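2 protein chains.
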Amino acid sequence: MSQNGSSNSIKIIPLGGLHEIGKNTCVFEYNDEIILLDAGLGFPTNGMHGIQIVLPDTTYLRENRHKIKGMIVTHGHEDHIGGIAFHLKQFDIPVIYGPRLAMSLLQDKLEEAGVSDRTELRTVQPRDMVRVGSSFLVEYIRNTHSMADSYSVAIHTPLGVIIHTGDFKIDHTPVDGETVDFQRLADHGEKGVLCLISDSTNSEVPGFTPSEKSVLPNLDRVFAGAQGRLLVTTFASSVHRVNIILQLAKKHGRSVAILGRSMLNVIAHARKLGYIHCEDDLFVPLNMANKLPDEKVLVLSTGSQGEPMAAMTRIANQQHRQIKIRAGDTVVFSANPIPGNTIAVVNTIDKLMMQGAKVIYGRDKGIHVSGHGSQEDQKLMLALTRPQFFLPVHGEHRMLVKHSETAQSMGVPAENMVIVDNGDVVELTRDSIRIIDKVPSGIELVDSSHSGIVHDRVLKERQQLAEDGIVTIAAALSWTGELIAKPEIHLRGVATSVDRERLEKAIAQTIGLAVTDRWAELTRSLDNLAELDWKRLQGDIETELRRLIRRELQSNPTLVFLLQTPLELPVASPSVGTRRRSSAKVAS
Amino acid sequence: MSQNGSSNSIKIIPLGGLHEIGKNTCVFEYNDEIILLDAGLGFPTNGMHGIQIVLPDTTYLRENRHKIKGMIVTHGHEDHIGGIAFHLKQFDIPVIYGPRLAMSLLQDKLEEAGVSDRTELRTVQPRDMVRVGSSFLVEYIRNTHSMADSYSVAIHTPLGVIIHTGDFKIDHTPVDGETVDFQRLADHGEKGVLCLISDSTNSEVPGFTPSEKSVLPNLDRVFAGAQGRLLVTTFASSVHRVNIILQLAKKHGRSVAILGRSMLNVIAHARKLGYIHCEDDLFVPLNMANKLPDEKVLVLSTGSQGEPMAAMTRIANQQHRQIKIRAGDTVVFSANPIPGNTIAVVNTIDKLMMQGAKVIYGRDKGIHVSGHGSQEDQKLMLALTRPQFFLPVHGEHRMLVKHSETAQSMGVPAENMVIVDNGDVVELTRDSIRIIDKVPSGIELVDSSHSGIVHDRVLKERQQLAEDGIVTIAAALSWTGELIAKPEIHLRGVATSVDRERLEKAIAQTIGLAVTDRWAELTRSLDNLAELDWKRLQGDIETELRRLIRRELQSNPTLVFLLQTPLELPVASPSVGTRRRSSAKVAS
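Chains as they are written, first to last, in the working numbering: chain A, 1 to 588; chain B, 1 to 588.
Please note: incorrect hints may appear among the correct ones.
[Unchecked claim] Pairs of lysine-lysine, DSS-like flavour, derived with a Cα cap of 27 Å:
#1 Lys-460(B) <-> Lys-535(A)
#2 Lys-505(B) <-> Lys-358(A)
#3 Lys-351(A) <-> Lys-460(B)
#4 Lys-324(A) <-> Lys-438(B)
Don't read these hints as lab results, they were simulated from the structure. Predicted model, so just to flag it, every value in this text is computed and none were measured.
So that you can see chain A by itself, here it is in the shape it has in the complex (with noise of 0.2 Å):
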């Protein structure tokens, strides 16, 4: 690193959220002290097999772990705050500030990961202002979003103020009431700001994000018109729009029973400190709900997305062992399919529809809006800023270049914005903003085992056996070369048709043939057959297997030849090359 420890220049380094939704992670850096900004979690994309959480690859931080000083969280969003458990097992952070509902999470989490003695958690105020190291004094600022409890902030550094918006949407009615904080923006903005780094998510979208409670009276009049049992699933993480359904629930004199791990955890936390208000007896559970007549029922449950184990999901797949889909029943879909779920979210609104419910979900319904702003949205938090330099983030690339065309056609010049991927070093300083590095910037999985990070060759490992399944071939050899035992083959996810009998011959005659064909060279120089090189003769049979199996298959399965090895020499060794060739023995 060049410009290591100057003091002249800060550096920005996103470690994700660019060029992708999710896992936002961001390092500021400033002589020998880094603050992060989130440590969110993403989640695996086709072809990931196995992998439940994707994170942001470390080693930057790890390597600098001495300079970490501590983390600012700006929400409690799990590709926000979903990583910071996983990290902490690898290096420290001193002190980590967040708003109260995403602290009351994280605790949770750290908790469950057993590491929440390996930093301390404090919560911030609208417009408090920590210090974090010797050169960062941050001011959270309150946003709008659809998590509740949702902040931009400022840092304020020696060389000027950097404004990181976090995830935003401008909402003028938002349903707790808590409004942007125009003021400490437009302050910033009249006073100076050094650099804008703003959410990209939207940037495509024309116009702005409809306001949360625009989805009050369209929910409302869903709820009205249901004659049976509803059925609402939503995010368990939008606290605004939950609020809203059980307001509703309230109204139309529905019970309501909370399915799914992530809605039960979210609304205990967000009852807990006050940011979902309504009285114990709204709640019954489901065996209690399903005693009551049907239109004095709501089942609140997780799987919007159409999540394989999620609630809603082994509802549809009737996997559900408590509720059971009947006619009359609503269900409403609270929530878009995010790209790449849409499939999976339609196969369940069918299999739902199939059984018998009036299922309610699309666009037109207005009864779900973004969670981030739209391109007068970001209008709005540039006109307010006037920032000199401008980065956009949380998105993906062509998000980030339409972002910074609007930033453009606002005035800030096309030289004072840089569009970077995860990993690039930004330089920013009080007259310039360029990429000057490149830290490592790749993914780390994790699979359920959980036990550690999945590595690519794993992964490309589990993709060539999903593809073709696995030929494995186990043999024997005595010390004269012997098959010493019956060769052994099992096929697993192969499709084939090929006579058993058949290739279980041609496989040992392969590996006879084989072990006559090189024993004379291997043992011809050797002393001792102790120093025989069993690899090489292995590696040779493989060769052999591997043409015979992709010609008798007509596929390209993985192979794996087990060869086992005498267990010891005889006390009487055999001399070496005493073997006559074409005397391999085969099993018939």
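Chain A is already provided as a structure; the job is to place chain B on it using the hints.
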């Protein structure tokens, strides 16, 4: 089948295309005669590892092969003709009627599969009437669709006329000037249509689908604005779109290089038959195009859906040998992503942009329209044909339901229509429509080996392998239950950080202990060791190994344990039961 052979009813059995988009295949049966309408293929969904093609279960057709009199093809899309070559390997179809372009494409497919002698292909013209078997007279009625040379059919049966729309939209200004034959449809409506079977793909979309010609001025504008090279991708099978692109290439003085096998194939067939008109000198090979000035080049490519192996995807991945994206290139996606392909498409767009291309994409650009009619097109079809009974096909469940609601809104009584699933046997009489039975309706999967059907079991094995990988263990035992070679272990696709040496030792110990435990009992009552139940011993050892693996690896990989048995009984057979307990020898 209770109603088999009744002359008062026709059976309609859709084997594919319902509750899904794809593999359209429909059976019409009267007395002892079957005709087929189309036989398409589908593509794999997530989790169908290694699968390239999905076909409908054809058990019913195989069992009733003697009844099959012929097939009616409506148009040449893969989801309507792609299954035929596979089916002909299993049962004969005496004759296949279809439009010229479809038959031309089909001829190639049958030759490639080596089954062109298994049927006879006959081309039809608009308003042709063809007799199939003794009961069916089929009339070809021109319609409009994204594929040239597309038809609806009126099937004249002893009970009345059944109209199957095939795929259609109402395009009053088709690119080839061949409009919908409203006159024949209206005439049938006047004389009486027993049943309308209609395309439901866009039944959730309000309004009319715009004319194919509407994309022309928008593409023209995009082409006019391109400074450097133009790269355009669309569906190869959208002959009209390809025509428009070629026209505009000529207008803007650009030579066309074609990339992708299916694009080359469809253009060759369509030109040969006169569905695409253009001079030979419009086309240049890519290596020639690379020598022309940028503004004189248009590359027309497959890959509009981000398919991994398609040309545009390989260009985006910088894997294409002959063409690299550079600043100044304009790439046009003249196609919308099909749900399920969205992520692949936007990733491709991002990669192209990152290499410097300007990418034109998205619904707001007016550079793509659907080939399927929306609600108003569907209403017009209902109004023209005035059917007594209605059967919505070609769509997912909620689309079928929506289409049935549209029909009801126009006065078709709800009891005169059925929502069916693949395999449902619909009985149609002069005064009723109902589902009376179900035939096998699963799917058949073909993988890259094309050597046969991939069974559910194999697919499940692949899913397990993909999820957690596989551990293979090989051991060879002697007639005395001793390990006669060092047990071998192989991990593939398994994420673990366990100590390999320790694991190998534990495995050898576990095998030894398990053998010791079981040997006495297994050999006790045997007269001859040759009768030893090795399978049972293997199973017992496997159980112990599975426990060990789960505990040590903290995950649940597939376990394959290959136990090799001795080749033959030694001449001096060891007597039964002589083995001492605890003598299992373990490699150290």
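Exercise. Are Lys-505(B) and Lys-358(A) close enough, with their CA atoms no more than 27 Å apart?
Worked result: The given pair, whose Cα atoms are some 59 Å apart, is violated under the 27 Å limit.
Problem set entry | Proposed proximity, Lys-438(B) with Lys-324(A) (alpha carbon, max 27 Å) | holds (24 Å)
Problem set entry | Proposed proximity, Lys-460(B) with Lys-351(A) (alpha carbon, max 27 Å) | The hint holds at about 22 Å.
Problem set entry | Agreement of Lys-460(B) and Lys-535(A) with the hint, judged by alpha carbon distance not exceeding 27 Å | Distance of about 33 Å is beyond 27 Å: violated.
Checked against the numbered hints above, the structure breaks hints 1, 2 and satisfies the rest.
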